[in-house]
Amino acid sequence: MTTNILFCGYSYHTNGYHSQHKSGYPSYLFRLQTEGVCEVVVKGKKMEIEKGDLLLIKPGDHYELLVNADQKSGDYHLVCEGTWVDEWWNRSEKPDVSRIDLEDKLLVLWRHIMIEKRRPATSQNEELTSYLLRALCITLERAINETVPSINVPYTVTRMMRYIEEHATTAFKVDDVARHAGLSISRSVHLFKSSVGKTMIEYALEIRLSAAIERMKYTSLTLEQIAEDCGFGSYPYFHRVFHKKYGVAPGVYRRQEY
Numbered sequence: 001m002t003t004n005i006l007f008c009g010y011s012y013h014t015n016g017y018h019s020q021h022k023s024g025y026p027s028y029l030f031r032l033q034t035e036g037v038c039e040v041v042v043k044g045k046k047m048e049i050e051k052g053d054l055l056l057i058k059p060g061d062h063y064e065l066l067v068n069a070d071q072k073s074g075d076y077h078l079v080c081e082g083t084w085v086d087e088w089w090n091r092s093e094k095p096d097v098s099r100i101d102l103e104d105k106l107l108v109l110w111r112h113i114m115i116e117k118r119r120p121a122t123s124q125n126e127e128l129t130s131y132l133l134r135a136l137c138i139t140l141e142r143a144i145n146e147t148v149p150s151i152n153v154p155y156t157v158t159r160m161m162r163y164i165e166e167h168a169t170t171a172f173k174v175d176d177v178a179r180h181a182g183l184s185i186s187r188s189v190h191l192f193k194s195s196v197g198k199t200m201i202e203y204a205l206e207i208r209l210s211a212a213i214e215r216m217k218y219t220s221l222t223l224e225q226i227a228e229d230c231g232f233g234s235y236p237y238f239h240r241v242f243h244k245k246y247g248v249a250p251g252v253y254r255r256q257e258y
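Its first residue numbered 1, the sequence shown is counted upward by one per residue in the numbering used here.
Any given hint could turn out to be false.
[What the hints assert, rightly or not] The calculated DSSO-like cross-link candidates involving lysine-lysine, where the alpha carbons are at most 27 Å apart (straight line), are: (1) K22 to K105; (2) K72 to K43; (3) K193 to K244; (4) K51 to K72; (5) K245 to K173; (6) K22 to K45; (7) K46 to K117; (8) K105 to K173; (9) K173 to K117; (10) K105 to K58; (11) K94 to K58; (12) K45 to K117; (13) K173 to K193; (14) K105 to K72; (15) K193 to K217; (16) K117 to K72; (17) K117 to K58; (18) K46 to K58.
[As the list claims (entries may be wrong)] What follows is a list of derived Cβ distance ranges for each label pair: (19) S123 to Y237: 27 to 33 Å; (20) R119 to D70: 53 to 59 Å; (21) T170 to A121: 37 to 43 Å.
Calculated from the structure, these hints are not laboratory results. Using N, Cα and C, we set each Cβ at its ideal position, and we do this for glycine too.
Modelling step: build the complete structure from the supplied sequences, incorporating the hints.
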């Protein structure tokens, strides 16, 4: 299946801007607001777009963009087409506008595509840009889905889970997680435990243990180094946590399994 990136870039408007496609946008458009505000009209509906808003337009959609002269507006945008994009779009409902987290890994992926598209045509790797586009689409889809609270897991809890997953192998603190979610420590602790069924530290320990087992399986690192790399701080603590979980010492587990 094909993918084709027609344009990928970043814009920052300070003196006003207006564009319109009343007869329908010709391709798929992804637009992520990163700074300031603007207004859009999608399928006849006027909306104010703020930082963190992701706009998704499909071919044929009526689309207008307006940045007033007294406003500032910055956004990443990408225009694409192809049979793979068609299939991705049609497999689930895509809201016109979603509020998502402006995570570095998402913006880095977007910038990677921008850099690749700046290369001379003879130097561009179509296979690489195709996979980067697919990765961006799937990452955006996940970001959209995670902003929709499920019955058991509110969006704020999902944000806390993602933060812990990213920082589990470092010495993060509970108040770091609470601050990331915009909650008090007591509220974040209670909400996380009631939604996930375990404490933040217990959740982090599961991730650390999984990372440790991967290193035990695929590397020749010492158990002391693995304990440090995976966020346990010391081997005795790693030994205690591991033995409690698996019933054997890390060294015994490594010899038995691998």
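Consistency of the hints with the structure:
Of the supplied pair hints, the one linking K22 and K105 is violated, its CA atoms being roughly 34 Å apart against a limit of 27 Å. Under the criterion of a C-alpha separation no larger than 27 Å, the hint pairing K72 with K43 is consistent with the structure, at around 24 Å. Straight-line distance between C-alpha atoms of K193 and K244 comes to about 21 Å, which keeps the hinted pair within the 27 Å bound. Between K51 and K72 the CA atoms are separated by roughly 11 Å; this keeps the pair inside 27 Å, and the hint holds.
Note on K245 and K173: the hinted pairing holds, with a Cα-Cα distance of about 22 Å set against a maximum of 27 Å. Restraint check for K22 and K45: satisfied, since their Cα atoms lie roughly 12 Å apart, inside the 27 Å limit. Using a Cα cut-off of 27 Å, the hinted pair K46 and K117 is violated, with the two alpha carbons roughly 32 Å apart. The hinted pair formed by K105 and K173 meets the criterion: a straight-line CA distance of about 22 Å does not exceed 27 Å.
Under the criterion of a C-alpha separation no larger than 27 Å, the hint pairing K173 with K117 is inconsistent with the structure, at around 40 Å. A C-alpha spacing of about 24 Å is found between K105 and K58, which places the hinted pair at or below 27 Å, so the restraint holds. The straight-line distance between the Cα atoms of K94 and K58 is roughly 9 Å, inside the 27 Å bound, and the hint therefore holds. With a C-alpha separation of about 32 Å, the suggested pairing of K45 with K117 is violated against the 27 Å cut-off.
Only pairs whose Cα atoms come within 27 Å are accepted, and K173 paired with K193 is accepted, the gap being roughly 16 Å. The suggested pairing of K105 with K72 holds, with an alpha-carbon distance near 24 Å, which does not exceed 27 Å. A distance of roughly 31 Å separates the Cα atoms of K193 and K217; the hinted pair therefore is violated under the 27 Å criterion. Distance hint between K117 and K72 is fulfilled; the C-alpha atoms sit about 26 Å from each other, no more than 27 Å.
Only pairs whose Cα atoms come within 27 Å are accepted, and K117 paired with K58 is accepted, the gap being roughly 21 Å. Taking the CA atoms of K46 and K58, the gap is near 17 Å; set against the 27 Å cutoff, the hint holds. The hint said 27 to 33 Å for the Cβ distance between S123 and Y237, and at roughly 50 Å that hint is violated. A hinted range of 53 to 59 Å is violated for the C-beta pair R119 and D70, which are about 37 Å apart.
Evaluation of the 37 to 43 Å hint for T170 and A121 yields a pass: the beta carbon distance comes to about 42 Å.
The structure fails to meet hints 1, 7, 9, 12, 15, 19, 20 from the earlier list, while all remaining hints are met.
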